[in-house]
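*Asks:* What follows is each chain in one-letter form.
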Amino acid sequence: MIAQTRAELLKLRSTRTTVGLVLGMLALVTLFGLLAGLLTHADDLITPENQRGLFGVGSLAGVFSALAGVLLVTGEYRFGTIRPTFLFTPRRSRVILAKLAAGMLAGLVFGVAGEGLAFAIGYVCLRARGIPLTLHGGSLALLLLGTVAGVALFGGIGAGVASIVRNQIGTIVGLLAWGFIVENLLFAFVPSVGRLTPGQAQNALTGLTTDHLLSPAAGGAVLVAWVAALALAGLALTARRDVG
Amino acid sequence: MAVVLGEGLTKRFGKLTAVEDLSFALEAGTITGFLGPNGAGKTTTLRMLLGLAAPTSGSALIFDRPYAQLAGAARRVGAVLEATDFHPGRSGRDHLRTLSWAAELPDSRVDEVLGLVELTAAARRRVKGYSLGMRQRLGLASALLGDPELLVLDEPANGLDPEGVRWLRDFLRAFASDGRTVLVSSHVLAEVAQTVDQVLIVNKGRLVVETSLEQLTARVGGSVRVRSPQSDRLAEALRREGIETTVGNDRALLAHGATSQRVGEVAFAAGVPVYELVAEGSSLEDVFLELTTETAS
Chain B
11 MIAQTRAELL
21 KLRSTRTTVG
31 LVLGMLALVT
41 LFGLLAGLLT
51 HADDLITPEN
61 QRGLFGVGSL
71 AGVFSALAGV
81 LLVTGEYRFG
91 TIRPTFLFTP
101 RRSRVILAKL
111 AAGMLAGLVF
121 GVAGEGLAFA
131 IGYVCLRARG
141 IPLTLHGGSL
151 ALLLLGTVAG
161 VALFGGIGAG
171 VASIVRNQIG
181 TIVGLLAWGF
191 IVENLLFAFV
201 PSVGRLTPGQ
211 AQNALTGLTT
221 DHLLSPAAGG
231 AVLVAWVAAL
241 ALAGLALTAR
251 RDVG
Chain D
29 MAVVLGEGLT
39 KRFGKLTAVE
49 DLSFALEAGT
59 ITGFLGPNGA
69 GKTTTLRMLL
79 GLAAPTSGSA
89 LIFDRPYAQL
99 AGAARRVGAV
109 LEATDFHPGR
119 SGRDHLRTLS
129 WAAELPDSRV
139 DEVLGLVELT
149 AAARRRVKGY
159 SLGMRQRLGL
169 ASALLGDPEL
179 LVLDEPANGL
189 DPEGVRWLRD
199 FLRAFASDGR
209 TVLVSSHVLA
219 EVAQTVDQVL
229 IVNKGRLVVE
239 TSLEQLTARV
249 GGSVRVRSPQ
259 SDRLAEALRR
269 EGIETTVGND
279 RALLAHGATS
289 QRVGEVAFAA
299 GVPVYELVAE
309 GSSLEDVFLE
319 LTTETAS
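Note that the protein sequences, when read in sequence, are chains B and D.
Start counting the first sequence at 11; every next residue gets the next number (my numbering).
Start counting the second sequence at 29; every next residue gets the next number (my numbering).
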């Protein structure tokens, strides 16, 4: 299992696509971090809520970590490397579990890099503008750790959905539509259901206290449950389907 | 003990039957050519043998087990199904490492097989820039990583230049001379005729013949090709004289085991006009074509 996971991580590291994902993530976090840190009025940026928003920009990395998880699976079907992969590891469950693990490990790296950068940019902006840090101790720690954990779990969600769908374009379009449209509509109109979606669960995990959101612990549990459910479905389908 | 054993292998895709009731056994130390026209069901059969597709019925065993239950599969079986199964942006060496790491083989083995297929110089280049022949060799390298006892190759000669085909032939010979086993598919008999010990010929998903190459060669005999506007009457007349005929791929009759003189006399006696009458010693290729067109008609 460890050997297979190392192999899956090598698959990610050995193409330029992953480099592109990391650079894109860092660029986007930098852009949104600077926008929030420099353009927000000083009177607004002094509130803990707005400082949450500033430091929480690293959660953007979740999109990229999910994409990395997706590519780990769909890239293999797209280029046919799934055949040698299964020939070398005929136990397909081992391959899928390793991909989920590799997706989350890559997600952890994305999370640490993205959230670390977001915090650094936010902190420098506050210092440069002489704005005191009002988001303190526990809240700040929960924000940083919750964001990193959420981004890491999104790698697993990406790999899980991809092992169900298999098609690259379909998976990516589906995930983006779900994340940016369906989740927001659900949360706006049926919050009791919408708060159970992965995106809102991640918001809860980072300590956001918007109305209807779950507690941080419950948010984390829901996110883990999503990864587990998608993994089980992916494992069951992968075991049953022929490889073309 | 058979290294590879197919028993009543059948695969249906909806209404289409790709492989029907295929049974065969491969012994250790042999090279078997798995032959048939394109679309005959060769690749589907190989996919079932290698656990990539589940048979609709029947079973496929490799070393007495279904491939999916074979412990240390990569060290026992090496296989290549498609020459294009690479991520174009990954280097050849990294492609092999993603596989060798999963099988817990050392990187030194990766460099060994790269040397073996003469790809060392291109190893760190992205596969995108490889020729088809180089990709074939990279695929072969991946199959050899685990130093397997059984090699399964689907159309490995596609895209190879004559020198490459010759290299492959020598390689497979050397591989099998150690008591190891090879199953190699092809739609061109000539590609493998000089390499294989036995042939499995399939057509339309069914096994047409399983025989040694020697026995197949023994089938090669003289025949007479005769073209007539009244083929059916001529065939009937020849049959009454104890001369067997088959319809060749150009729709002419092939009369077996008879001289052209005898065929001409029978045609004359039957009052059937003859446009063409040629005695020909058939080649192995003719036997192959005959076997795969007989069942088609």
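Don't read these hints as lab results, they were simulated from the structure.
There could be a bad hint or two in this list.
[As the list claims (entries may be wrong)] Lysine to any residue pairs mimicking SDA-like chemistry, simulated, CA-CA at most 25 Å apart:
1. D:K156 to B:F89
2. D:K156 to B:R176
3. D:K156 to B:G254
4. D:K43 to B:F89
5. D:K43 to B:D252
6. D:K156 to B:I182
*Asks:* Now, for every hint given, state plainly whether the structure supports it.
*Replies:* Structure-based check of all given hints:
Restraint check for D:K156 and B:F89: the C-alpha separation of about 12 Å stays at or below 25 Å, so the hint holds. For the hint pairing D:K156 with B:R176, the CA-to-CA distance comes to about 23 Å; that is within 25 Å, so the pair holds. For the hint pairing D:K156 with B:G254, the CA-to-CA distance comes to about 22 Å; that is within 25 Å, so the pair holds. Only pairs whose Cα atoms come within 25 Å are accepted, and D:K43 paired with B:F89 is rejected, the gap being roughly 28 Å.
Distance hint between D:K43 and B:D252 is fulfilled; the C-alpha atoms sit about 17 Å from each other, no more than 25 Å. Restraint check for D:K156 and B:I182: satisfied, since their Cα atoms lie roughly 24 Å apart, inside the 25 Å limit.
Going down the numbered hints, you'll see the structure goes against just number 4.
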